[in-house]
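Student: Order-wise, the sequence lines are chains L and R. Mind the numbering: the first sequence is residues -5 to 99 in this note's numbering, read in order. Mind the numbering: the second sequence is residues 4 to 534 in this note's numbering, read in order.
Check each hint, because a few of them may be wrong.
Claimed, not checked - Computed list of chain R residues with no C-beta within reach of chain L, every gap over 12 angstroms: (1) I71; (2) E74; (3) E90; (4) Q185; (5) P188; (6) K262; (7) K338; (8) M352; (9) N364; (10) F392; (11) V473.
To be verified - Below are the EDC-like pairs computed for lysine to aspartate or glutamate, each with C-alpha atoms no more than 20 angstroms apart in a straight line: (12) K65(R) / D8(L); (13) K72(L) / E39(L); (14) K20(R) / E42(R); (15) K53(L) / D17(L); (16) K72(L) / E530(R); (17) K213(R) / E6(L); (18) K84(L) / D452(R); (19) K73(L) / E504(R); (20) K73(L) / E532(R); (21) K12(R) / D46(R); (22) K42(L) / E22(L); (23) K213(R) / D8(L); (24) K65(L) / E245(R); (25) K65(R) / E14(R); (26) K48(R) / D8(L); (27) K48(R) / D10(L); (28) K213(R) / D10(L); (29) K18(L) / D49(L); (30) K65(L) / D246(R); (31) K(-3)(L) / E25(L); (32) K5(R) / E135(R); (33) K235(R) / D49(L); (34) K337(R) / E368(R); (35) K65(L) / E250(R); (36) K213(R) / E15(L); (37) K(-3)(L) / E67(R); (38) K213(R) / D452(R); (39) K53(L) / E15(L).
Keep in mind the hints are simulated off the structure, nothing from the lab. Glycine included, every Cβ here is placed at the ideal spot set by N, Cα and C.
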Amino acid sequence: MAKTTLGGIEMEIDEDGFIQEPDKWNKEIAEDIAKLESAYPMTEEHWKLVNYLRDYFLKYEIAPPIRMLVKQTGLDLKKIYQLFPGGPAKGACKIAGLPKPTGCV
Amino acid sequence: MKIEDISKKSEQLITIKPEDLMPLPYPYDTPDADPAMRELTQDQKNRYEASLDGVLAIGIPKPETKEIEEELIRKFLSGLAKLLTKENNWTFLQPLLHSLEYCVKCQICNDSCPVYVASGKQEIYRPTYRPEILRRIINKYLKKQSTLSLKLTGSDIELNWTLIARLAELSYRCTLCRRCAQVCPLGVDNGLISHEIRKIFSQEMGIAPKELHESGTVQQLKVGSSTGITPKALGNIISFMEDEIEEKTGKKIKIPVDKEGADILLLHNAGEFMAWPENTEAFAIIFEAAGINWTLSSELVGYDAVNYGVWYDDFQFAKIALRHAEVAKALKVKKISVGECGHAHKAMMVIADRILTGDLNIPRESAIPLLADLVINNKIKLDPGRNNFPITLHDPCNMVRLMGIVEPQRQILRKICPQFREMEPHGVDNYCCGGGSGFAIIQSMNFPDWRSAISGRVKLKQVLETFQDVISPDIPKYVCAPCSNCKGQIRDLFNYYSVFEKCNIFYGGLVELIANAMVDIEKPFIEWEWH
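Chain L with its partners taken away, still in its complex shape (with noise of 0.2 angstroms):
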C-alpha cells in the first residue's frame, strides 16, 4: 500500500490509485484524483456523476451497477468515456472515492 499527498492531506491509495478511507473524501482530494485521471478541470457534468456515485454509495455501500448510473444520470457511456477516460469504475468511482469494483463485474 503506498501513501500519497491529495487534497493536501496524506492518503493511502492501492496499486490503482483507489483511496483506501473512503470516509475522508472531500471535493479537493477528488480534484486532485481527477488530475491523475485526466478528468480535470471538473465541470458540472463531471461532479453530477461524481455526487451520484457518492449518494449512491452512502445510501448502499456499493457502487451502483453501470446501467443504473447510466439511466439515474442521464449520461450515456460514450459521454462517461469523454469525461472520465478511464471509464465509470477506473475512473469515475475512483475520483468520487468508492472503493475499487470487486468480484466478477
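With the hints as your guide, set chain R onto chain L.
Tutor: Okay, now just chain R, sitting in the frame of chain L:
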C-alpha cells in the same frame, strides 16, 4: 532453462518479448497489432516479489527480515507435508498423489496448454514445470532422499525463498482449465497440482490474490457477496431490474425473492447484477413466460453463487458451499439451479458433493438443461429470425470439459440462431477464455495485460478465425459465453485489442439470445451499444 533455475536469484527468470507471442489472424497479423504490455514500475519491483516474469497476480511483499523469510520457508514445507496426508487433504489426496507419482514426463500435455502455446512456449509455463518442482522438493525435503542420489539422477533442487515466491506467482499462471489433464494418457492432472500449490500458500501462509481472498471469499461471507452487494443494495438493484424489464418488454414482472417452497432457488453470480443485469432480467422474463415456480434469495451469500474458494482454499470453499445449502434448506426449495456461472457449477455440483450430506444434500443442477427444455419443447414462443447474425459459442471449462454439459446450449442455439457456427476446437476440447480460476477478476497492476495478451490469446485467435469470412465491422457478430467469469475476461480481452471497434464482435450470455427471440417482446432485447 533448467528446473533448478527457479531457486537462482536473478531480477527475472524470464522476460516475454512481443515477438515471442503466438501470431494472431487478421486484423491482428501485423507486428504492431499487439498493445505493449505494461511493465511494473521500479517501485513496485522493489516492494513485491516480481522475479518470476515481471507480472504480478498476487504481489507478495518482500519479507522484511531473514527471520520472516525462514518462517515462510518452514510454513511452506509444513503446508506441503499436510497436503500429502489424508487427515489434512482427504478431498484431493488421491488425484494429487496419482498426479505426482504417475507422470512419465512424456510432455504430451504441453501443446494442449493455451498459456504455454500463446507465450511462445516459455519453459516455465509448461504444465509439467510446476509439478516437477514440487516433486523434487518432496523427494529431497520430505522423503529425505540423499543429495548424492538426487544429483546423480539430475533431480536436485534447492528450496529457498526465491523459489517459493516464484512458485506462488507461477501457480497463478495456470487457469486450471485442465486441458492438460484431458490429453494425458495416464490421467495426470497438472491443473490440480497448480490448485494444490495455491492451497499451501493460502491455507498455511496467508498468501493469495486480494481479489480472491480479502475482497472475494472473506467479503462474501461478511457482507453477502464478493461484489460488495448487501441485502439492502440487492433490493434496490432488483427493483431497478423490474423497471428495466417493464421498459424493455412492456411486461410488469415481479421478481420473486425469498419465496418459501419454490421449486427452484436460482443462484446467479452476483457480478451479473452489477455488470450484466440484462442476463438476470432475461432469466426472469423466460421463467415468467414458462410459468416456472422459482425464487431468488436475499439472505447473506444466498444471492451470490460464486465460491472463489474452489480456486485456492478448501476452508473458504467449504464455508461458502455450506452457506449456500443452508439458505436453500431454510427456503424449503426443491432444488438449487445455477445460472450462467462456470466455477459455481463446479463448486456447487461437483466439489460440494464431498461435503454436503444428509438434509443439506439438496438437489443441485445447472440451469442450462432446463433452458434447453423450454426452448426445444416450445414452452415459450420464439422467432429465430430475430437472432439472424453470425454467432459462435464459447464453452466454459467447468461446465463443459469438467461436467460434460455440451449439448443443451447447442440445442438452444441451433434452434434460435440461424447463423450459429462452432469455433474450433469446441465442446470438451475447448480452450479456456483465459480468465479461468479467478484470473478474470484479478485487476491489479499489470496482470490484466498478461491475461489478455497471453492467457486469452488462443481464445481471441479462435474467435477471429471463426469469423474471418464476416470479419468486416459492417457485420455485427456475437460470442455467446454462458459464464460471468468468461464474459468478464472476453470483455477485457476485446477492449485490450479494440475488437468491437475493429471487427464489431459483441459478447453476451445465452439467455439474452432466448429473450431476444421471444415473439411477444416488441423491441430487440439485446442492446449492442453495451459492449
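Student: So which hints don't hold here, by number, going up?
Tutor: Violated hints: none at all, because every hint is consistent with the structure.
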